[in-house]
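Participant: Sequence:
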Amino acid sequence: MLESYLTGLLVCGGIIVAIGAQNAYVLGVAVRREHHWWSAGLCMSTDALLLLAGMFGVSAVLLSMPSALEALRWLGVAFLAWLAAQAFLRAASGRQGLSVGGAGERSPRRVMLATLAVTLLNPQVYLDTLLLIPSIGAQQQSTVTFAAGTITASILWFSLLAWGGAALSPWLSRPLAWRAIDGTIGVMMAAIAVHLSLGAPLAA
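At position 178 of the sequence shown (counting the first as 1) the number is 177 in numbering that gives the first Met the number 0, and the numbers step up by one without a gap.
These are computed hints drawn from the structure, not numbers from a lab.
Some hints could be false.
The following label-pair restraints were derived from C-beta to C-beta distances [claimed, not checked]: (1) 77 x 0: 39 to 45 Å; (2) 91 x 163: 23 to 29 Å; (3) 140 x 182: 44 to 50 Å.
We treat Cβ as the ideally placed atom computed from N, Cα and C, and that holds for glycine.
Could you put the whole structure together from the sequences, leaning on the hints where they help?
Facilitator: Structure below.
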């Protein structure tokens, strides 16, 4: 059972660590301290639900509806392009540096909705959580402990993103630093949108 747990931990950890749209967004709100623990918690919960659903057979249903994945792909491209445009606009116009003790400008509802969108509009999330990871889990001695390992990996990773991003924020008090951050996030989101439009595999 321990081997199944560690396998789930390592497999899921290896997949979600790659910087994709979801990770980049969570890291961005963490650096800005915009309700980042809510965002990270939503990512953890979504991962857990999708992984458990995949282990219980939703993968077979998903494979029978390729048109749904195709629609999600183009919705994801549009949403990521919008996020990239917003980041580039902030980088071009500039903004004030971070106030260490201040809260984010956006409401928790807006942050949560954006987190949900950047998670659910990426088809790779479904391929990973409903197909790839469950197919490996089905070969394990204990699928339950394997699933527990995958969920643990998600919790550890998004906790690290939320904590690490917030920990860096006191050093980002200059507007020039924000231009660099927003520009980097814009490039990442745009690159992910391009790859997604071409049908290339993406990190969740």
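Participant: For every hint, state whether the structure bears it out.
Facilitator: Hints versus structure:
no.: 1; hint: 77 x 0: 39 to 45 Å; verdict: 44 Å, holds
no.: 2; hint: 91 x 163: 23 to 29 Å; verdict: 27 Å, holds
no.: 3; hint: 140 x 182: 44 to 50 Å; verdict: 47 Å, holds
Consistency with the previously given hints is maintained throughout, with no hint failing.
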